[in-house]
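Single-letter residue listing:
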Amino acid sequence: MKQNDSHKDRLIQLIDALLQGNISQDAHSELEQLLKEDPKQRQSYLDYMRVHAGLSVWATETRESDDWIPHPTHTVPQTRLGTPRFLLLLASSLVAATLLLSLAYYAGWNTRTNSEPFIADSPKTASEVETNSPKTDHIALLTQAVGVEWDTPRNLQTGAGLSAGWLKLKKGTIQVELISGASVLIEGPAAFELISPLKTFCKYGKVRASVPEQAQGFTIETSKLNVVDLGTEFTLSLEPSGDGQVQVIDGMVELHPSNQRKTPSNIQSLKTGEGVQFDQQGITNRLTEGMLPLINLEELSLLAEQQQQQQFTRWQKQNQSLKTDPSLIAYYDFEETSNWLRTLSNKSQHNKSSIDGAIVGCQWTSGRWPQKRALEFKRTSDRVRLHVPGEYQSLTFMAWVRIEGFDRWLSSLMLTDGYNPGNPHWQLSDQGEIILGIKEGGGKNYFSPVVLKPTDLGRWIFLVTVYDHQKKEVIHYLDGLPVSHHRLENPIPLVIGPAEIGNWRPKEHTGEHSIRSLNGRLDEFALFGRALSAEDILKLYEYGKPNS
Amino acid sequence: MNGSSEIHQKTETGSGSIPNEQFVSLLARHHSLIRGFIGTLLPHQTDAEDVFQQTCLVLWRKWSTFDSEQSFSAWACGIAFYEVKNFQRVQSRDRHYFSEEVLSLIAEQQTSSLSETDQQKQALDDCIKKLDRENQQLILDCYHGQRTIKDVAEQLGRSSDAIYKKLSRLRLRLMDCMQQSLHSPEAGT
Numbered sequence: 001m002k003q004n005d006s007h008k009d010r011l012i013q014l015i016d017a018l019l020q021g022n023i024s025q026d027a028h029s030e031l032e033q034l035l036k037e038d039p040k041q042r043q044s045y046l047d048y049m050r051v052h053a054g055l056s057v058w059a060t061e062t063r064e065s066d067d068w069i070p071h072p073t074h075t076v077p078q079t080r081l082g083t084p085r086f087l088l089l090l091a092s093s094l095v096a097a098t099l100l101l102s103l104a105y106y107a108g109w110n111t112r113t114n115s116e117p118f119i120a121d122s123p124k125t126a127s128e129v130e131t132n133s134p135k136t137d138h139i140a141l142l143t144q145a146v147g148v149e150w151d152t153p154r155n156l157q158t159g160a161g162l163s164a165g166w167l168k169l170k171k172g173t174i175q176v177e178l179i180s181g182a183s184v185l186i187e188g189p190a191a192f193e194l195i196s197p198l199k200t201f202c203k204y205g206k207v208r209a210s211v212p213e214q215a216q217g218f219t220i221e222t223s224k225l226n227v228v229d230l231g232t233e234f235t236l237s238l239e240p241s242g243d244g245q246v247q248v249i250d251g252m253v254e255l256h257p258s259n260q261r262k263t264p265s266n267i268q269s270l271k272t273g274e275g276v277q278f279d280q281q282g283i284t285n286r287l288t289e290g291m292l293p294l295i296n297l298e299e300l301s302l303l304a305e306q307q308q309q310q311q312f313t314r315w316q317k318q319n320q321s322l323k324t325d326p327s328l329i330a331y332y333d334f335e336e337t338s339n340w341l342r343t344l345s346n347k348s349q350h351n352k353s354s355i356d357g358a359i360v361g362c363q364w365t366s367g368r369w370p371q372k373r374a375l376e377f378k379r380t381s382d383r384v385r386l387h388v389p390g391e392y393q394s395l396t397f398m399a400w401v402r403i404e405g406f407d408r409w410l411s412s413l414m415l416t417d418g419y420n421p422g423n424p425h426w427q428l429s430d431q432g433e434i435i436l437g438i439k440e441g442g443g444k445n446y447f448s449p450v451v452l453k454p455t456d457l458g459r460w461i462f463l464v465t466v467y468d469h470q471k472k473e474v475i476h477y478l479d480g481l482p483v484s485h486h487r488l489e490n491p492i493p494l495v496i497g498p499a500e501i502g503n504w505r506p507k508e509h510t511g512e513h514s515i516r517s518l519n520g521r522l523d524e525f526a527l528f529g530r531a532l533s534a535e536d537i538l539k540l541y542e543y544g545k546p547n548s
Numbered sequence: 001m002n003g004s005s006e007i008h009q010k011t012e013t014g015s016g017s018i019p020n021e022q023f024v025s026l027l028a029r030h031h032s033l034i035r036g037f038i039g040t041l042l043p044h045q046t047d048a049e050d051v052f053q054q055t056c057l058v059l060w061r062k063w064s065t066f067d068s069e070q071s072f073s074a075w076a077c078g079i080a081f082y083e084v085k086n087f088q089r090v091q092s093r094d095r096h097y098f099s100e101e102v103l104s105l106i107a108e109q110q111t112s113s114l115s116e117t118d119q120q121k122q123a124l125d126d127c128i129k130k131l132d133r134e135n136q137q138l139i140l141d142c143y144h145g146q147r148t149i150k151d152v153a154e155q156l157g158r159s160s161d162a163i164y165k166k167l168s169r170l171r172l173r174l175m176d177c178m179q180q181s182l183h184s185p186e187a188g189t
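Chains as they are written, first to last, in full-length UniProt numbering: chain A, 1 to 548; chain B, 1 to 189.
These are calculated hints, taken from the structure and not from any lab test.
Owing to the predicted nature of the structure, the values given are computational and were not obtained by experimental measurement.
Built from N, CA and C at the ideal position, the CB exists for glycine as well.
A few of these clues could be false.
Reference listing, derived: stretches of chain B covered by chain A, where coverage requires no fewer than 3 residues with Cβ under 8 Å from a Cβ of chain A [to be verified]:
| hint | segment |
| --- | --- |
| 1 | 30-40 |
| 2 | 44-50 |
| 3 | 72-81 |
| 4 | 97-111 |
| 5 | 168-177 |
Turn these sequences into a full structure, and let the hints steer you where they fit.
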């Protein structure tokens, strides 16, 4: 390697500038060129950089050993063994995190393991511990929500998984199925806390609980008494003042005082048809007349259907006006008339070059509402192929999608075949990030923060990403609201050409991540040749969201 | 590592088992190799240090996927490579970074000779020992990362430029020394 000393000198000069942090753009390009073209130069670079990196390691280890034994005169146990300090820290913090996680787990389930609802310590201390692991600790599922106005910032939708925590309703009715098998209807206004699969707390509200054999012992606590279910169905109605009543519809329940030790004398059993009234002083009286009937599941289902019809009609209106938007390049509403159709027609009225999609593999299914149609993407071959001609300064991608699971690191929304200059790749990461990748020279990816949580799997979400040439920014939206803004250094015109929705056909790419198929459903997809404003997007969401 | 893969693996979530002894001992044995590998891809020490720490976490998270038939160093460097790319993707504002193509070429070229790295580390340590105390101290001061070159220069009453030049000469000298001690006059190819 000494045969070419002048080259080597130049190379070292360039690397030194790089290390010094004052390398110019030109010099950097020159260095890249040298490294790209000549394996010998690359080897010299490696030899030199190994020394550089090796010196960092050496310096760290040498200094670290100084710090490690502060008082060499004392006998210090020889624990070092060349292990840098952070490694030990890493190991100990991981052990701590794991312990905390398991604590949280057991605290949440303690009613099950000892079937003593009384002695359960509050799981709050454990659940408040911050861990970096994503929480997939769902203990329940929101199966119905009718006419609901939430009293919490987070707008839960039907299908959402629920972790331990509060459910607060201003109005409306929800059905919650716990993983123990117990199911509760909650009528607002209500404040109801899920504690574990077998334990809940009601501050106020009307609740109807159905408890199968598998979930015997299911308890609703209140500040005055705990209702323990031994049979199948009961109702609880509780005023914010603390007055309330319990009635057994079918089976048997036990009432335990909530703040005293349990003794046989202060436990009351109620059988079918029996009920009690109680007040904030804890005085209970047998109910002499039947309490106000609470909504039942059939009624709720009927209401849900009516509500869905209204929402579907609302969306249909929006759909009509959207079709006339002149900036719409491609618009798929998935409202095809037959299951046999394998063409997804572009509903944009202005776009003369009709960009119809070819359906490959996907099955027809229902969308945001039972009346709405959708395509299901399940297998790695499922996709919709399309061809979008032209060049666009700005683009807006929009989709209503229901993700069933993140099977792999990347899930496609819409990707161009291959990845050539100007090509956009719109996709999701398994972390729950929305990503717009633009091939410009290298390839630049605009990642939203982690916005999709495990609770978002299985519910309909509204995703929009705007590539704004004029404002020089990329903006990601979730459910009508912006979640991240990214500066565009040099906006370039975007070209799509052959592309796929819900999948990716890589060109000459056989490495990792070549499979990016979507696992979920799509029931609306649009591509606008302009940057939609935040107001436009919020409006689209308001008219399209599945629940009112 | 394919050139057309425009996005790379990020940290995997979800944790498996408590780090076991085997993992800790393997990581301890290979940490300088992995750190060195990252250092050849990310010239700036603080960057390399950050990515190394991140890599260790990812290695632990992915520990359950490690097949004990496999070489730990190759597995770890594969993951480190993704972490480097990941880091560059997030940073890439104020500094110059290599394109993915160049990065892959450099990584490829050294993964073929990972097994030699232990000897190289030994050789480097021996060569450093041959330096006089003053030069060793200079390397320690400049490479430990607690002080900037400017600070070091001020303390020594020299210009930063002079320190940079001195470091460059020391690196070249050490490189030559290593090559001699590894008995491989053609190590460069």
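Results of checking the hints against the structure:
| no. | hint | verdict |
| --- | --- | --- |
| 1 | 30-40 | holds (count 8) |
| 2 | 44-50 | holds (count 4) |
| 3 | 72-81 | violated (count 0) |
| 4 | 97-111 | holds (count 9) |
| 5 | 168-177 | holds (count 5) |
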